[in-house]
Amino acid sequence: EDKVVQSPLSLVVHEGDTVTLNCSYEVTNFRSLLWYKQEKKAPTFLFMLTSSGIEKKSGRLSSILDKKELSSILNITATQTGDSAIYLCAVEDNYGQNFVFGPGTRLSVLP
Amino acid sequence: GAVVSQHPSWVICKSGTSVKIECRSLDFQATTMFWYRQFPKQSLMLMATSNEGSKATYEQGVEKDKFLINHASLTLSTLTVTSAHPEDSSFYICSARGVGAGFEKLFFGSGTQLSVL
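Just so you know, the protein sequences line up as chains A and B, in that order.
Here this note's numbering is used: the first residue of the first sequence is 7, the next is one more, and so on.
Here this note's numbering is used: the first residue of the second sequence is 412, the next is one more, and so on.
So here's chain B without its partners, still in its complex pose:
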């Protein structure tokens, strides 16, 4: 099956610093990538949708200047949490979908646990 790699899986940073999370589709071209945030014991909350080569579409309430999303190629999307604060601590997970039979569903990365001190 299709593989989505997310890196890093765990990051601890100081308040005020920026953190970049990468999401790569390893064996297919991801035309669309989605970024989610998940709090403990809660479901996935969509933050933004990104299509290759165009600006991301952010969900209501998600600050685009704080959560910078770049989808520069068909295999890579990045989420940068700028000037992170403790309230940004969360589990961030990406998913990707491609085109063609078998790629209509979402394939998930393994997630990134961000802890901001």
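If we strip away everything but chain A, and leave its shape as in the complex, we get:
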């Protein structure tokens, strides 16, 4: 059965800190890994990773995939209170019909 695990499940930091969120997966036919940020309602898309070792960046956020280790990390540098959210990792199987979500990491950034 396909499975996605995230760690830590919860994290509290202060503004300016750097955080690293982890996602590991077990999926029969891997196609892509996606990161989403969920603040109140709809998750918003952050990154889609398909190739190993290629870092994707967007401002203070960056992510990289390691297909050998079946994992990905999401880095946030110089955190701000607006980064407080649940960060969801999802893995898509090769059939494109199944996205498996991890439990999420609840990040709280204190002023």
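By construction, these hints were calculated from the structure, which means they are not laboratory data.
Glycine included, C-beta positions come from ideal geometry on N, C-alpha and C.
Where hints are given, some of them may not hold.
30 angstroms max Cα-Cα, derived BS3-like pairs, lysine-lysine [unchecked claim]:
id: 1; chain 1: A; residue 1: Lys46; chain 2: B; residue 2: Lys425
id: 2; chain 1: A; residue 1: Lys62; chain 2: B; residue 2: Lys452
id: 3; chain 1: A; residue 1: Lys74; chain 2: A; residue 2: Lys43
id: 4; chain 1: A; residue 1: Lys43; chain 2: A; residue 2: Lys9
Short derived list, chain B residues pointing at chain A, Cβ under 8 angstroms [as the list claims (entries may be wrong)]:
id: 5; residue: Phe445
id: 6; residue: Glu474
id: 7; residue: Gly511
id: 8; residue: Leu517
Quick list of the computed label-pair ranges, beta carbon to beta carbon [stated by the list, open to error]:
id: 9; chain 1: B; residue 1: Lys425; chain 2: A; residue 2: Asn35; range: 40 to 46 angstroms
id: 10; chain 1: A; residue 1: Arg112; chain 2: B; residue 2: Ser526; range: 21 to 27 angstroms
id: 11; chain 1: A; residue 1: Asn35; chain 2: B; residue 2: Gln471; range: 35 to 41 angstroms
Start from chain A and add chain B according to the hints.
Just chain B now, with coordinates in the frame of chain A:
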């Protein structure tokens, strides 16, 4: 970016009544739509996957007669919670994906908070 509209955003109903939730892709054709349920402080739990014009595929443990899903067009999918009970109270959220570059990822609706009295 692609927009998915979900309606209503909040609904309160009496036990035993049915509630319909709509999910529309506004500027792209959604070949596949997914329906999730989310409990407080928990992740998204996939309920079913629907492809336009065909029957939805339900996840194990999800009652297809209770959660009716219709994906009649490439821009609209509906979830009907039939004979709702208090234990059905939850946050329901849809997502959609299309075809072509840029549409491989999931685009989410804003969710529907259902409260059954």
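Item to check | Restraint outcome when Glu474 (chain B) is required to lie within 8 angstroms of chain A by C-beta distance | outcome: violated, 20 angstroms
Checklist entry - In this structure, is the beta-carbon distance linking Arg112 (chain A) and Ser526 (chain B) contained in 21 to 27 angstroms? => result At 23 angstroms between Cβs, range holds.
Checklist entry - Taken at face value, is the distance from the CA of Lys9 (chain A) to the CA of Lys43 (chain A) at most 30 angstroms? => result The given pair, whose Cα atoms are some 19 angstroms apart, holds under the 30 angstroms limit.
Checklist entry - Taking 8 angstroms as the limit, does the beta-carbon of Phe445 (chain B) come near enough to a beta-carbon in chain A? => result Phe445 (chain B) check passes; min Cβ-Cβ to chain A is 7 angstroms, inside 8 angstroms.
Next on the checklist: Less than 8 angstroms between beta-carbons is the criterion; does Gly511 (chain B) satisfy it with respect to chain A?
Outcome noted: violated, 13 angstroms
Checklist entry - Between Lys46 (chain A) and Lys425 (chain B), does the CA-CA distance stay at or below 30 angstroms? => result Status holds; Cα separation ~25 angstroms.
Checklist entry - Given Leu517 (chain B) was flagged as interface, is its beta-carbon under 8 angstroms from a beta-carbon of chain A? => result Because about 6 angstroms separates Leu517 (chain B) from the closest Cβ in chain A, which is inside the 8 angstroms limit, the hint holds.
Next on the checklist: I want to verify a distance hint. Is the separation of the beta carbons of Asn35 (chain A) and Gln471 (chain B) within 35 to 41 angstroms?
Outcome noted: For Gln471 (chain B) against Asn35 (chain A), whose Cβ atoms are near 19 angstroms apart, the range 35 to 41 angstroms is violated.
Item to check | Range hint compliance [Cβ, Lys425 (chain B) to Asn35 (chain A), 40 to 46 angstroms] | outcome: Holds: the Cβ-Cβ distance is about 45 angstroms, inside 40 to 46 angstroms.
Item to check | Pairwise hint evaluation, Lys43 (chain A) against Lys74 (chain A), where the allowed Cα distance is 30 angstroms at most | outcome: holds, 25 angstroms
Checklist entry - Straight-line Cα separation of Lys62 (chain A) and Lys452 (chain B) no greater than 30 angstroms? => result holds, 28 angstroms
Of the hints listed earlier, those the structure fails to meet are numbers 6, 7 and 11, in rising order.
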